[in-house]
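Visitor: Note that the protein sequences, when read in sequence, are chains U and D.
For the first sequence, the working numbering assigns the number 1 to the initial residue and increments by one for each residue that follows.
For the second sequence, the working numbering assigns the number 1 to the initial residue and increments by one for each residue that follows.
By construction, these hints were calculated from the structure, which means they are not laboratory data.
The C-beta atom is built at its ideal place from N, Cα and C for all residues, glycine as well.
All the pointers check out, no bait thrown in.
Pair ranges (Cβ atoms, derived):
#	chain 1	residue 1	chain 2	residue 2	range
1	U	K26	D	Y15	36 to 42 Å
2	U	C41	D	M183	15 to 21 Å
3	U	D7	D	G164	33 to 39 Å
4	U	V74	D	D13	28 to 34 Å
5	U	Q21	D	M134	22 to 28 Å
6	D	G137	U	D64	32 to 38 Å
7	D	G164	U	C41	16 to 22 Å
8	U	C13	D	Y15	23 to 29 Å
Selected chain D positions facing chain U (Cβ under 10 Å, derived; list incomplete):
#	residue
9	S111
10	F113
11	V115
12	A127
13	F182
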Amino acid sequence: MKEEMLDCLGEACPVPLVKAQKALEKLDAGDILIVQIDHSCAMKNVPEWAREAGHNVEIEEVDDGEWEVVIEKVK
Amino acid sequence: MLKKFSESIAKNDYYKAWLKDAWPYLTGAILLSVFQIVTIAVTGNPWGVSAVLANWGAWIFEAVGGSVDKWYYFSSSAARETLANGPLRDPGTMRNLGIAAGALFSALIASGFKVKKLKSWRQVIAAVIGGLLMGYGARIGFGCNIGALYSGIASLSLSGWVYGVFMFFGAIVGSRLLVKYFM
Chain U
1 MKEEMLDCLG EACPVPLVKA QKALEKLDAG DILIVQIDHS CAMKNVPEWA
51 REAGHNVEIE EVDDGEWEVV IEKVK
Chain D
1 MLKKFSESIA KNDYYKAWLK DAWPYLTGAI LLSVFQIVTI AVTGNPWGVS
51 AVLANWGAWI FEAVGGSVDK WYYFSSSAAR ETLANGPLRD PGTMRNLGIA
101 AGALFSALIA SGFKVKKLKS WRQVIAAVIG GLLMGYGARI GFGCNIGALY
151 SGIASLSLSG WVYGVFMFFG AIVGSRLLVK YFM
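Use the sequences and the hints to build the structure in full.
Guide: Right, dumping it as structure tokens:
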């Protein structure tokens with residue numbers, strides 16, 4: 001069980017999504033990837049992609065306009 | 001008390017659905033369609049964004065003593081009239097300001113407003129180069145993705161579809177460059 005932070009603060013779409021996809025590829029099932037984002041459109045496409053791929057997703061609002069998307073890799 | 005009030009609003013279901021969370025794409029599409037019809041009905045011109053920016057450039061240039069009288073781009077009578085009327089009587093200027101004000105308001109009311117830090121100078125350079133290319137392309141193509149693509153297709157013009165096909169190929173090249181230099 002590994003937990004990895006991915007800093008995407010200050011990055012615009014689609015950079016956070018592509019970075020999250022690449023980072024998750026390197027992880028094993030059961031590992032957790034936390035994507036830090038402050039771009040509201042990434043708030044839509046990152047969780048959408050992760051849920052569609054079948055992973056468990058939780059969104060935490062860290063601050064005004066700042067979120068952490070917690071993705072647990074399922075398979 | 002104000003803190004308590006804002007905390008109770010944050011938990012309100014209607015606040016979350018209407019103001020906090022993003023609306024579904026379909027809702028956005030329908031609203032955009034309705035408002036572009038309102039735009040063409042009220043102003044007599046289809047919705048456009050970037051042509052207004054060129055007019056802003058002309059007004060700024062004239063304000064500092066320049067003249068665009070001999071420029072081919074502003075030589076049509078419609079363009080001359082718009083420039084002569086000034087920004088306060090230009091529907092496009094009002095609409096662009098409205099878009100910026102509305103976007104700011106929606107971010108503020110969703111408590112999603114944040115001044116972002118620059119990630120790298122590479123990002124700044126790419127943004128400047130990208131902006132210049134987009135601005136140049138939008139003027140030489142007589143419209144951006146709103147005026148030429150969206151409004152073009154909405155008015156059943158073939159040019160909108162042609163624009164869309166080539167924008168798709170441009171987007172493929174752009175995403176390749178993005179993955180190569182920003183990942």
